[in-house]
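**Student:** Which chain is which? The protein sequence lines are A and B, in order. Position one of the first sequence corresponds to residue 1 (the working numbering), numbered consecutively onward. Position one of the second sequence corresponds to residue 1001 (the working numbering), numbered consecutively onward.
Warning: the hint list may mix true and false statements.
Residues of chain A clear of chain B, computed beta-carbon distances all greater than 10 Å [stated by the list, open to error]: (1) G198; (2) L279; (3) E295; (4) S410; (5) D442; (6) Y539; (7) L686.
Here are the simulated EDC-like cross-link-like pairs (lysine to aspartate or glutamate), alpha carbons at most 16 Å apart as the crow flies [said to hold, decoys possible]: (8) K380/A - E1044/B; (9) K1014/B - D442/A; (10) K237/A - D442/A; (11) K1012/B - E336/A; (12) K306/A - E325/A; (13) K557/A - D67/A; (14) K1012/B - E1085/B; (15) K604/A - D544/A; (16) K306/A - E269/A.
If you are wondering where the hints come from, they were derived from the structure by calculation, not from laboratory data. Just so it is clear, the structure is predicted and the values come from calculations on it, not from any experiment. Just so you know, even glycine gets a beta-carbon here, dropped at the ideal spot from N, CA and C.
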Amino acid sequence: MADLTQTQFVSRLKRYYSLYTGGVIGFVVLLSILEQMGVPNKVLGYIFLGVTVSLYAGIGILSRTSDVAEYYVAGRRIPALFNGMATAADWMSAASFIGLAGTLYVSGYDGLAFVMGWTGGFCLVALFLAPYLRKFGQFTIPDFLGARYGGDVPRMIGVFAAILCSFTYVIAQIYGLGLIVSRFTGLDFGIGVFVGLGSILFCSFLGGMRAVTWTQVSQYVILIVAYMIPVIWLSVKHTGNPVPQITYGYVLQQVTAREQVLNDPATPEGAREAEVRALFSEQQAQHEAQLRALETGGAAYLAQEKSKLENTVAVLKTYPMATPEMRAAAETRLTEFPKDIAGARMAWQTAADTERARAAPISPHAESFAAADEEGRDIKRKNFLALVLCLMVGTAALPHILMRFYTTTSVREARLSVFWSLVFISLLYITAPALAVLAKYDVYTLLVGSSFSELPSWVSAWAAVDKTLMSVTDMNRDGIVQLAEITLGGDLIVLATPEIAGLPYVVTALVAAGGLAAALSTADGLMLTIANALSHDVYYKMIDPAAPTSRRLAISKGLLLVVAICAAYVTSLKPGDILFLVGAAFSLAASAFFPALVLGIFWKRANRTGAVIGMVGGLAVCMYYMYRTYPFFGVNGSLWWDISPISAGIFGMPVGFIGVICGSLLTRAPAPQIQALVDRVRYPRLVTDIEVEKG
Amino acid sequence: MKKGEIVQLGVKHKRYWHSNLRLTGVLLAIWFAATFGVSWFARELQALTFMGFPLPFFMAAQGALLIYVVLVGIYAWRMDKLDREFGVQEDQ
């Protein structure tokens, strides 16, 4: 393809990807015909995952390369439109695809912090970074820090921070990957992880950035089609309009009206809800009483409670009126009985917390910062704004995203490509809140008030898969479903929408393939970022600058393998929850990179000392706050100004800026050559400018 | 010229950079107002409705996103014009 002009190249790409999109749709149609002919769901699931994964691997093989510029930055000839698609796929992770609509379903307005944060950050990318980094035109983000601030120390800190946030983020992706593969094929979680990883490696191992780019473009097509089909269907069903974004405002009004009815004990339905909530309050009080008794009674109390249970089991065994279900239930309670005091404390505390949440009235979906009192609302508002800022700045500082803007043909194309990225990303983010509201409407109107004897089939199907995702228990034994009786995990929303909307199984499989594409594309970009930081910045730039091309690439590919194995190993330990890992990556990136990168471009006076102090200081404050407040680390220190640990970057960023500014002002201005570099970066073409990228 | 050699910036170059900064500043102000201004006053704006949504909900779910797309679009378009006007555009 090297002998084509850029225009020919673009038109050829457009033709290929139009054919490809047609192929994807044809493939879905073909499979739905197979489904009609009676091919079992499991086989369809396998075909779907198998075909898409081998497709990505195929693109990887076709794009294999041994050229350094091709491997690191795809030859710098990706057209803006396609770089936009690739960035969008790189950007939208398993958390966006599967988790976002669920978060919005659960937390209503407050969840919109993710929607704004994950899109608005691209304004910062466009205004502050993309065009300038493209003009700089090297291979990695630490490259820029190294050149701009001079010396290996800023580069080294950059490498450390890039690996830290990319690795945190990649674990969340691989975790999502394992979940999807295991749920839809029935394979073990660990095997799921390795199948997914295998396909990532196939693609990035042979062709680096070039292969990753073309795979990501094709993954974007699959993920957006998979996201849209069920939502459009649901929208037509409820509003008669195929554009959910326009009409769901009115659905939201109906949801709000339903919330008021269900929250009002004066209405018959509200009264039944109140009845169920009172039952949960009672259970909560019981668990709290047990907790208090445990504090005073200790091990003796625990033993006494256990013997009571054993007694019940024994009595039930001989009692003629006891049904097998009652016996089984008592036995499960006995086997699940906590073994020691610590276990009991934790189990009962969790139970009491869950019951307290379920005993509370419905929090209105459309209301901003809903809370019981003014103080609660203020805390929510503060956290909302802090989270939005952290996510935005983090977006503009994650190396795997910034790296993509090295691959365009020019500064002009880099600016355009941020625009296209944002268009493609917004398409999904504007749809997710609609999906959440439509699904809520379905649950509030169709499921609530229906009879337990005729539950919709998707409810029982998902309850069979995972009780934490979906379960309905008739608490007050009236045979009718109340909202308070439903447990619905956020992750279910996207995965179950096709079934809620009554679509054929093929669409469910398509959604799974979409989720897989989202997780794979992001993991691809992240692993490449880590491997490149190690091979290019550490090995080539710092250890052996005379290394021949072939050795640089060999080292890069070897490191990719090592990184993949490490990531898979850490993921198999199942650390923390996905949302926290993702949030942590953003806060870390925002604190470490953003101040040094932006001031490096916009403030000539910024120098090495400042950059080092700013990056280390920002990163340290951010990590310290996470360590101090996130329950996983077990310190449980008090919060600063009620800011939750996910927004730790809100403290790291200002420290970063202050560090760069003070550190620079206290020491000498950077050398004239460095200032000339800043000028070179600021202008798309300086009169006697030359391209360094060729060197 | 070699990498790192110093180019004397003319008045034109400085004007270009200032125009760029002004544009960046204006767009950033709009970005800030659409994001943080609206969210800060979300409870006060709650009663207003737009297309069936409470205004703050609409802004956070759709309005702000559309504004972001427009901002980035305007930046790309204006900067392209500016590059040409000041003769710093890249050779095609």
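**Student:** Just pull the numbers of the violated hints for me, sorted ascending.
**Tutor:** Checked against the structure, the hints that fail are numbers 4, 7, 9, 11, 12, 15, 16, while the rest are satisfied.
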